[in-house]
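Take the given structure of chain A and dock chain B to it, following the hints.
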Amino acid sequence: MSRTSRALGVAALALAAGLAGAAMAQSGSIVFTSWGGTTQDAQKKSWAVPFTKETGITVKQDGPTDYGKLKAMVESGNVSWDVVDVEADFAAAAAKDGLIEPIDFSIVKRDEIDPRFVTDHAVGSFYYSFVLGFNPASLKGKAPKSWADVFDTKAFPGKRTFYKWSAPGVLEIALLADGVAADKLYPLDLDRAFKKLDSIKKDIVWWGTGAQSQQLLASGEAPIGQFWNGRIFALQQSGEKVDLSWEQNLTAADMLVVPKGAKNKEAAMKFIAEATSPEGQASFATESGYAPVNVKSAALMPKDVAANLPDQHTGSQINLDMGYWAAHRDEIGKRWYAWQAE
Amino acid sequence: MTVTDVPIATPSPVLAASRRRGRGFAPVLPALALVVVVFVIPVLALLLRSVLEPEPGLQNYAAFFASTTYLKVLGNTFLVAGTVTIATVLLGFPVAWFLAIAPSFWSRLLFAIVILSMWTNLLARTYAWMVLLQRTGIINRTLMDLGLISEPLPLINNLAGVTIGMTYIMLPFMILPLHATIRSIDPAIFQAAALCGASRWQAFTRVMLPLTASGIAAGALMVFVMSLGYFITPALLGGTSNMMLAELIAQLVQSLLDWGLAGAAALVLLVITLAIYMVQLRFFGFGQARS
Chain A
133 MSRTSRALGV
143 AALALAAGLA
153 GAAMAQSGSI
163 VFTSWGGTTQ
173 DAQKKSWAVP
183 FTKETGITVK
193 QDGPTDYGKL
203 KAMVESGNVS
213 WDVVDVEADF
223 AAAAAKDGLI
233 EPIDFSIVKR
243 DEIDPRFVTD
253 HAVGSFYYSF
263 VLGFNPASLK
273 GKAPKSWADV
283 FDTKAFPGKR
293 TFYKWSAPGV
303 LEIALLADGV
313 AADKLYPLDL
323 DRAFKKLDSI
333 KKDIVWWGTG
343 AQSQQLLASG
353 EAPIGQFWNG
363 RIFALQQSGE
373 KVDLSWEQNL
383 TAADMLVVPK
393 GAKNKEAAMK
403 FIAEATSPEG
413 QASFATESGY
423 APVNVKSAAL
433 MPKDVAANLP
443 DQHTGSQINL
453 DMGYWAAHRD
463 EIGKRWYAWQ
473 AE
Chain B
201 MTVTDVPIAT
211 PSPVLAASRR
221 RGRGFAPVLP
231 ALALVVVVFV
241 IPVLALLLRS
251 VLEPEPGLQN
261 YAAFFASTTY
271 LKVLGNTFLV
281 AGTVTIATVL
291 LGFPVAWFLA
301 IAPSFWSRLL
311 FAIVILSMWT
321 NLLARTYAWM
331 VLLQRTGIIN
341 RTLMDLGLIS
351 EPLPLINNLA
361 GVTIGMTYIM
371 LPFMILPLHA
381 TIRSIDPAIF
391 QAAALCGASR
401 WQAFTRVMLP
411 LTASGIAAGA
421 LMVFVMSLGY
431 FITPALLGGT
441 SNMMLAELIA
451 QLVQSLLDWG
461 LAGAAALVLL
471 VITLAIYMVQ
481 LRFFGFGQAR
491 S
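Quick note, the sequences are listed as chains A and B, same order. Our numbering puts the first residue of the first sequence at 133, with every later residue one more than the last. Our numbering puts the first residue of the second sequence at 201, with every later residue one more than the last.
Honestly, the hints are just simulated from the structure, not real lab data. Mixed in with the good hints, there may be bad ones.
[Unchecked claim] Under the rule of at most 35 Å between Cα atoms (straight-line distance), these lysine-lysine pairs were calculated in the DSBU-like manner: (1) A:Lys286 / A:Lys334; (2) A:Lys466 / A:Lys333; (3) A:Lys185 / A:Lys241; (4) A:Lys373 / A:Lys334; (5) A:Lys397 / B:Lys272; (6) A:Lys177 / B:Lys272; (7) A:Lys435 / A:Lys185; (8) A:Lys428 / A:Lys397; (9) A:Lys466 / A:Lys435; (10) A:Lys192 / A:Lys402; (11) B:Lys272 / A:Lys228; (12) A:Lys228 / A:Lys241; (13) A:Lys228 / A:Lys373; (14) A:Lys203 / B:Lys272; (15) A:Lys274 / A:Lys316; (16) A:Lys201 / A:Lys272; (17) A:Lys466 / B:Lys272; (18) A:Lys435 / A:Lys277; (19) A:Lys272 / A:Lys192; (20) A:Lys327 / B:Lys272; (21) A:Lys277 / A:Lys373; (22) A:Lys395 / B:Lys272; (23) B:Lys272 / A:Lys402; (24) A:Lys185 / A:Lys395.
[Claimed, not checked] A few chain B positions that, by computed beta-carbon distances, are all more than 10 Å from chain A: (25) Ala233; (26) Val243; (27) Ile313; (28) Tyr368; (29) Ala388; (30) Leu456; (31) Gln480.
Think of the CB as a built atom: it goes at the ideal place given N, C-alpha and C, for glycine as much as any other residue.
For reference, chain A alone in the conformation it holds in the complex (with noise of 0.2 Å):
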């Protein structure tokens, strides 16, 4: 019995705590909520430390992003996120359901951005490129090359490894592996990607989060499949052997948003400024392997790292659509999770 009140006391104190840390955000203080693992230590060393080091606001680390943690908090009208990382279809549909507060321009400089990556209500946080990549360890030294080999299970036997939730992406990646010329991939050919798809579904294992994906890749687990090119770089950073392949990389971008009702908005603009100058980007991309969406950036950079960031590989490179995305976003999500519970 004591031991029973004991562990309730420990619990009290526990939940006391979190309310306390609640409290403490109100001043000198934001909350910055991000995806975990290797990008938001890089966000967090490239941005949060020198923006506490100017203006004395302090940054606290949250995670990994929830839209549905985010649209219960403007609901409830409790918002204790400032400054959240989304993805650019979120970004999207959040803007047209009132879920986000528009960007304070007189703060964050517009001009310097890339303009595919600014909206009103949303500022690129970096941009990034789902790319091929694999183990060659375990691919017997045979190295892919295009989208078409990721769905070749003759030539690469094993697990493959693609984006588990409903997002820009997969889809794309089914059609042009099934032939669709880049230029023509929107609006989507729905039926013919999940065809395509059903052709390697019982050899598919999704990955979650990024770093279930470096964990897939680097254990030989799932030997190839679609990643972001960042998470790659990270992986070699750490001395793993694992390679990618830049052909038809698609490229979108993840965004900096204020939750509507975010009560420090203020502060959380300058840390939006702080993210996205030349110096913030530069910094994060040289850390992380994920391009700058400011255009004065590159310019920052060691030449060697700056030539493995995604907008050097434009050759090939596909833009994915987020305005299409945020158009269809329900419809596709509905069907893309019925289809991976058939």
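Frame of chain A, contents of chain B only:
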């Protein structure tokens, strides 16, 4: 969290007396208030959404039951919960029995193992299973090195993975109530059975099983109901094609932001759970042995 009630084989007279006098209720009030505020109200709010969003009506329920996918997920939820329940009974019974009759050193040791595994972080245990079960995992590597198999066995991202992981996690919830029941049986009863000419098998089926039925039922109910709503283990060890309802609800809430439909799915799960609980109450009371 599920508040578990380890069944008491014979109701304590003190408890029964205080229950008769209606005392002992006041101390429960703070806990009850907490449950109402942090559980009942939010659940009701979610359920309300199921009939109010996107517009008032029952369209979310219509959509749920019209979708073969959602019905398949529901069926799969039962399949997994049922399989896990049967597996925990079969594996848990010998353990509970051993716990009750073994010399105290061994029974204490085994008890500690059961309890420790229950106290270990759920996520850590589930990841540990991933390390064991995956294609490049310890089990497959060993079997391949021994030359017993040439291709890795599919032990993860499928029904097998979910069943193995969840059976392991649910075992203590079967063992503990069963153990309490078995321990309360007077060993002399088995001597009596033997004296009356019962074979070992007869002693088991006609004495042991009836006497432990309430413990089995209590454990099975707990395991089955907890399994119905399980999320982390199926999400990590299962594949998308054997998704369970809790994962579907998480998808609707987090990714599709369709909270109306999520509320409907949650209510379906809740109604089924309560119905099973009612059946259990009707036949077995509060997991107490019928005298």
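Cross-check of the supplied hints:
| no. | hint | verdict |
| --- | --- | --- |
| 1 | A:Lys286 / A:Lys334 | holds (14 Å) |
| 2 | A:Lys466 / A:Lys333 | holds (18 Å) |
| 3 | A:Lys185 / A:Lys241 | holds (21 Å) |
| 4 | A:Lys373 / A:Lys334 | holds (26 Å) |
| 5 | A:Lys397 / B:Lys272 | violated (45 Å) |
| 6 | A:Lys177 / B:Lys272 | violated (46 Å) |
| 7 | A:Lys435 / A:Lys185 | holds (28 Å) |
| 8 | A:Lys428 / A:Lys397 | holds (26 Å) |
| 9 | A:Lys466 / A:Lys435 | violated (44 Å) |
| 10 | A:Lys192 / A:Lys402 | holds (15 Å) |
| 11 | B:Lys272 / A:Lys228 | holds (33 Å) |
| 12 | A:Lys228 / A:Lys241 | holds (23 Å) |
| 13 | A:Lys228 / A:Lys373 | violated (43 Å) |
| 14 | A:Lys203 / B:Lys272 | holds (28 Å) |
| 15 | A:Lys274 / A:Lys316 | holds (30 Å) |
| 16 | A:Lys201 / A:Lys272 | violated (44 Å) |
| 17 | A:Lys466 / B:Lys272 | holds (15 Å) |
| 18 | A:Lys435 / A:Lys277 | holds (25 Å) |
| 19 | A:Lys272 / A:Lys192 | violated (45 Å) |
| 20 | A:Lys327 / B:Lys272 | holds (20 Å) |
| 21 | A:Lys277 / A:Lys373 | holds (17 Å) |
| 22 | A:Lys395 / B:Lys272 | violated (43 Å) |
| 23 | B:Lys272 / A:Lys402 | violated (49 Å) |
| 24 | A:Lys185 / A:Lys395 | holds (21 Å) |
| 25 | Ala233 | holds (14 Å) |
| 26 | Val243 | holds (14 Å) |
| 27 | Ile313 | holds (19 Å) |
| 28 | Tyr368 | holds (21 Å) |
| 29 | Ala388 | holds (31 Å) |
| 30 | Leu456 | violated (5 Å) |
| 31 | Gln480 | holds (25 Å) |
The earlier numbered hints that this structure contradicts are 5, 6, 9, 13, 16, 19, 22, 23, 30.
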